[in-house]
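S.K.: Each chain, letter by letter, is given below.
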Amino acid sequence: KQEVTQIPAALSVPEGENLVLNCSFTDSAIYNLQWFRQDPGKGLTSLLLIQSSQREQTSGRLNASLDKSSGRSTLYIAASQPGDSATYLCAVHNDMRFGAGTRLTVKP
Amino acid sequence: NAGVTQTPKFQVLKTGQSMTLQCAQDMNHNSMYWYRQDPGMGLRLIYYSASEGTTDKGEVPNGYNVSRLNKREFSLRLESAAPSQTSVYFCASSEDRASPLHFGNGTRLTVT
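Listed in order, the protein sequences are those of chains A and B. Going by the working numbering, the first residue of the first sequence is number 39, and it counts up by one from there. Going by the working numbering, the first residue of the second sequence is number 26, and it counts up by one from there.
Honestly, the hints are just simulated from the structure, not real lab data. Among the hints, a few may not be true.
Stated by the list, open to error - Here are the computed distance ranges between Cβ atoms for each label pair:
1) B:Thr32 with A:Gly121: 47 to 55 Å
2) A:Gly54 with B:Asp51: 38 to 46 Å
3) A:Gly121 with B:Met52: 24 to 32 Å
4) B:Ser105 with A:Val51: 44 to 52 Å
5) A:Glu94 with B:Lys39: 28 to 36 Å
6) B:Pro125 with A:Pro46: 23 to 31 Å
7) A:Val51 with B:Asn55: 33 to 41 Å
8) B:Gly78 with A:Gln40: 37 to 45 Å
9) A:Glu41 with B:Pro86: 16 to 24 Å
10) B:Thr111 with A:Ala117: 22 to 30 Å
11) B:Glu104 with A:Ala117: 47 to 55 Å
As the list claims (entries may be wrong) - Distance condition first, Cα-Cα at most 25 Å in a straight line; then the derived DSS-like pairs of lysine-lysine:
12) B:Lys82 with B:Lys96
13) B:Lys82 with B:Lys34
14) B:Lys39 with B:Lys96
15) A:Lys39 with B:Lys34
16) A:Lys145 with A:Lys80
17) B:Lys82 with A:Lys39
Note that the Cβ used here is the ideal one computed from N, Cα and C, for glycine as well.
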C-alpha cells in the first residue's frame with residue numbers, strides 16, 4: 039500500500055527566501071508524480087508533473103525533482119513571494135494517492 | 026473551456042438523507058476520480074473510473090456508490106448520509122493514470 043508523506047506540515051519564511059518542500063513515498067513503482075497548489079477554500083491547481091523517467095522538471099521559479107530509488111521528490115521555490123502562500127500537495131500516479139500537504143506562509 | 030464541473034458547490038444534509046454529487050468533464054478524458062478532503066488528511070481516493078463502463082474502489086469507498094454515466098460524467102452517491110461524511114468532495118479527470126490530474130472546484134458537504 040502506497041504511503042505518501044509531506045514534511046513539514048507547515049512552513050513560514052520571509053519574502054525572498056529560497057525554499058524546498060518535501061514529498062516521500064513508500065512504493066517506488068510509480069508512473070509519475072504531480073505537485074499541486076491549493077489556496078484556502080479553493081480547488082487544486084497543477085504546478086508540475088514529473089515523469090518517472092525524468093529527474094527534474096522546471097516551470098518559472100519552480101523546480102521539481104524526483105528520485106524514485108529513494109522514494110523522494112522535492113519542490114524548490116526560488117525567491118519566494120507572499121503570493122506563493124498556499125498549501126502544496128504532491129500526488130503519486132499509480133495509486134493516485136496524495137500527501138497531506140505543506141502549508142506555506144511567505145511573510146512580506 | 027470549463028474543464029471539470031462539479032455540482033452543487035454547497036450542500037447540507039440531515040443524517041440518513043441521500044444525495045448525488047455530479048461531475049462532468051469536457052476534455053474527453055478516459056479516467057475520472059472522486060476524492061474527499063478532510064482537515065489535515067490531504068485528499069483520499071473514494072472511487073475511480075479508469076474508462077467508461079468501469080469503476081473501482083479507492084482508499085475509502087464505504088458509504089458511497091458511483092456511476093460512470095458516459096465518458097463525460099461520473100457521479101457520487103451517498104445513500105444514507107452520516108456526519109462522518111462531512112467533507113469537501115473533489116472530482117478529477119485525466120487522460121490515463123500517468124497523465125496530469127485536472128480538478129473541479131469541489132463540493133462542500135455538511136451532514137448534521
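S.K.: Failing hints, ascending?
M.R.: 1, 5, 8, 10, 14 and 15
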